[in-house]
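So the protein lines, in turn, are chains A and B.
With the first letter of the first sequence counted as 1, position 108 gets the number 108 in the numbering used here; the numbers rise by one all the way through.
With the first letter of the second sequence counted as 1, position 212 gets the number 212 in the numbering used here; the numbers rise by one all the way through.
Since no wrong hints were added, every one of them can be taken at face value.
Derived pair list, reagent style DSS-like, types lysine-lysine, alpha-carbon separation capped at 27 Å:
hint: 1; chain 1: B; residue 1: Lys130; chain 2: B; residue 2: Lys120
hint: 2; chain 1: B; residue 1: Lys153; chain 2: A; residue 2: Lys170
hint: 3; chain 1: A; residue 1: Lys170; chain 2: B; residue 2: Lys101
hint: 4; chain 1: B; residue 1: Lys103; chain 2: B; residue 2: Lys120
hint: 5; chain 1: B; residue 1: Lys247; chain 2: B; residue 2: Lys260
hint: 6; chain 1: A; residue 1: Lys55; chain 2: A; residue 2: Lys35
hint: 7; chain 1: B; residue 1: Lys260; chain 2: B; residue 2: Lys322
hint: 8; chain 1: A; residue 1: Lys35; chain 2: A; residue 2: Lys67
hint: 9; chain 1: B; residue 1: Lys130; chain 2: A; residue 2: Lys170
hint: 10; chain 1: A; residue 1: Lys67; chain 2: A; residue 2: Lys55
hint: 11; chain 1: B; residue 1: Lys178; chain 2: B; residue 2: Lys120
hint: 12; chain 1: A; residue 1: Lys170; chain 2: A; residue 2: Lys185
hint: 13; chain 1: B; residue 1: Lys103; chain 2: A; residue 2: Lys185
hint: 14; chain 1: B; residue 1: Lys103; chain 2: B; residue 2: Lys130
hint: 15; chain 1: A; residue 1: Lys67; chain 2: A; residue 2: Lys46
hint: 16; chain 1: B; residue 1: Lys130; chain 2: A; residue 2: Lys185
hint: 17; chain 1: A; residue 1: Lys107; chain 2: A; residue 2: Lys185
hint: 18; chain 1: A; residue 1: Lys170; chain 2: B; residue 2: Lys20
hint: 19; chain 1: A; residue 1: Lys46; chain 2: A; residue 2: Lys35
hint: 20; chain 1: B; residue 1: Lys153; chain 2: B; residue 2: Lys178
hint: 21; chain 1: A; residue 1: Lys170; chain 2: B; residue 2: Lys103
hint: 22; chain 1: A; residue 1: Lys170; chain 2: A; residue 2: Lys107
hint: 23; chain 1: B; residue 1: Lys103; chain 2: B; residue 2: Lys153
hint: 24; chain 1: B; residue 1: Lys322; chain 2: B; residue 2: Lys254
hint: 25; chain 1: A; residue 1: Lys185; chain 2: B; residue 2: Lys101
hint: 26; chain 1: A; residue 1: Lys185; chain 2: B; residue 2: Lys153
hint: 27; chain 1: B; residue 1: Lys153; chain 2: B; residue 2: Lys101
Just so you know, these hints were derived from the structure itself, not from any lab.
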Amino acid sequence: MRGTSLSRTIKWTLHYAALLAYVAVALFPLYWLFKVSITPNDILYKQGMALLPSKVTLDHYATVVGKSDFLLYFRNSIIVSGVTALASTLLATAAGYAFSRFGFRGKFWIVGLMLVTQMFPLVIVITPIFSIFGVLGLTNTLTGLIIIYTAFNIPFATFLMQSFFDGIPKELEEAAMIDGATRFKALVEIVAPLTLPGIVATVGFCFTGAWGEILFALLLNSSPSASTFPVGLLLYSTRGTVEYGPMMAAGVLALLPVCVFFFLIQRYLVQGLTAGAVKG
Amino acid sequence: MASIEIANVRKDFGAVSVLKGIDLSIASGEFAVLVGPSGCGKSTLLRLIAGLDDASGGDILIDGRRVNDLPPRDRDIAMVFQSYALYPHMNVRDNMAYSLKLKRTPAARIAEAVGGAAAKLGLEALTERKPRALSGGQRQRVAMGRAIVRNPKAFLFDEPLSNLDARMREQMRFEIRKLHRDLGATSVYVTHDQIEAMTMADRIVAMNAGVIQQVGSPLELYDDPANMFVAGFIGSPAMNFLEGQAKRVGTGVKITVGGKAFCTLPLALALPDDGHVTVGIRPERIGIGADRNGTTEAIIDLVETTGAANVVHADLAGQPLKIFTTQRLQLAHGERVPLAFDAGHVCLFDRASGGRLR
Ligand SMILES: Nc1ncnc2c1ncn2[C@@H]1O[C@H](COP(=O)(O)OP(=O)(O)OP(=O)(O)O)[C@@H](O)[C@H]1O
Ligand SMILES: [Mg+2]
Chain A
1 MRGTSLSRTI
11 KWTLHYAALL
21 AYVAVALFPL
31 YWLFKVSITP
41 NDILYKQGMA
51 LLPSKVTLDH
61 YATVVGKSDF
71 LLYFRNSIIV
81 SGVTALASTL
91 LATAAGYAFS
101 RFGFRGKFWI
111 VGLMLVTQMF
121 PLVIVITPIF
131 SIFGVLGLTN
141 TLTGLIIIYT
151 AFNIPFATFL
161 MQSFFDGIPK
171 ELEEAAMIDG
181 ATRFKALVEI
191 VAPLTLPGIV
201 ATVGFCFTGA
211 WGEILFALLL
221 NSSPSASTFP
231 VGLLLYSTRG
241 TVEYGPMMAA
251 GVLALLPVCV
261 FFFLIQRYLV
271 QGLTAGAVKG
Chain B
1 MASIEIANVR
11 KDFGAVSVLK
21 GIDLSIASGE
31 FAVLVGPSGC
41 GKSTLLRLIA
51 GLDDASGGDI
61 LIDGRRVNDL
71 PPRDRDIAMV
81 FQSYALYPHM
91 NVRDNMAYSL
101 KLKRTPAARI
111 AEAVGGAAAK
121 LGLEALTERK
131 PRALSGGQRQ
141 RVAMGRAIVR
151 NPKAFLFDEP
161 LSNLDARMRE
171 QMRFEIRKLH
181 RDLGATSVYV
191 THDQIEAMTM
201 ADRIVAMNAG
211 VIQQVGSPLE
221 LYDDPANMFV
231 AGFIGSPAMN
241 FLEGQAKRVG
251 TGVKITVGGK
261 AFCTLPLALA
271 LPDDGHVTVG
281 IRPERIGIGA
291 DRNGTTEAII
301 DLVETTGAAN
311 VVHADLAGQP
321 LKIFTTQRLQ
331 LAHGERVPLA
341 FDAGHVCLFD
351 RASGGRLR
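With the rest of the complex left out, here is chain A (with noise of 0.2 Å):
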């Protein structure tokens, strides 16, 4: 018995110590972030690897809120990334749902070609890209970018998309639609519920991927007025001196949407709504 109960002890704490080392490594980066966030200058250096700072300060947050256009490029990263979200979740909800439950001639093909799309690597495209933007009036503006984002999301987006509503058992629908719905109104009332889950973690995979995009934010986009914040961050590495400070102070500044949109989100990413929708 007392063997027993101390393997179990040794287990256990083995268990919670691996854990822990996972945790630890996975945040320590942001940690560091946070820390040379609030470091002052004059000991940046010179208590560089100590893991504590012993001098806290905001002024690296006063310096990028106050003295920079970092609001500006904050404002225009979140209306990128908000309208890239919620176009690319619109339109791969819609092709999904049609790939998920329609036959239709071309299907096949279609379905290749989104898949041909995500084995090239982006950079190939960006000349070409940046050709058409030109002639178009579409470089320096955050409509370019929103177009780039969300022709990029759509198709992983949809096979996202289509999986969750092959998830959906198609007799909810059929028994709504013989209750007196339109296919639309079971699609709204039945079917959107339930894959509520889906769509949010989809809105989320297209936010947070148009959040942190930087290549082609950076190479489209480079007047100050259209620029996203990655674009922005880098502007604080110059050549030969980079400001660390602010940089980090940025950087934290920038993880907060997310930070604050997974909190919001993180309810609805549930799964299990569909239980007990047929025998099983």
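Dock chain B with the ligands against the given chain A, drawing on the hints supplied.
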């Protein structure tokens, strides 16, 4: 209440023909049971009536009106799905009320209808629960309730009892019949269970491979099957089929099985030229034991007993034979017993086509 008329309805999935010309008319208020083996097209036919799929050909009429081009919601038909298909995010009451809400029924009227259905189905205590918190039988009743609150033109049931245990199934069978008696609604009930078909139907529609084999009352199908499929499908234990010879003698037909006399039918039948026939006889139409004046002998193989009755497996001239009897017999393996066949209940079938010889 409405009649349902199905005229030469076909359904193809690509190159596969699933329904091959179905003709059927179901009278107003009738309880028709579609029965047939898995994959014969029962659900497909039901979905065509409901409007969930489009027929590849033919006409479907409800109350004399062609509905082929009407969407499901305009057909005013209720359906209980094979899988129940309850709305998982709604509680029992909302599940049942959904159709009435769509029709903008006044709230008081909805409450009354849902309350009535819940009472009838014994669901009053469960109205606030979500489907996931219900047992299979309870879900099944909710699915039923969702159909009956509507007072539709007709009910369609797609194997609603197939996932219940034997006792529950028996009880629900009874409940559905009672419900039909009370509401008098036209119903089409799909099952692959011939007992359900026999016990519930006003009329049975036996289907196989997308073709209707026979339509009639349960006893018509039981006593007077149109072909070997129906004869073998309806009834448990199933009808015995023996390979035999038939020869006309006078006004009757003399049948031999394995060269031995089987029985003589007092009817003139159209027989095939070579006399090869399949002889069908139900297990309970065979008398066993010396006291039955039996002339043909069989060898006992095995006896199964349920307490109420025995099923005797025997060997007749090299062919297996089942005998159903309520006598409690002491029979040993290998024992020879005399059998008597009730000539009035022997059916002859064409061996090649399986059709009934009349
Ligand atoms: N969408 C479809 N595409 C191709 N074939 C189909 C489709 N739906 C059904 N079938 C075929 O049609 C036939 C009849 O199917 P159906 O569902 O009507 O059978 P069923 O009689 O209801 O059987 P069960 O008792 O198993 O429910 C089956 O062979 C099935 O494979
Ligand atoms: Mg079926």
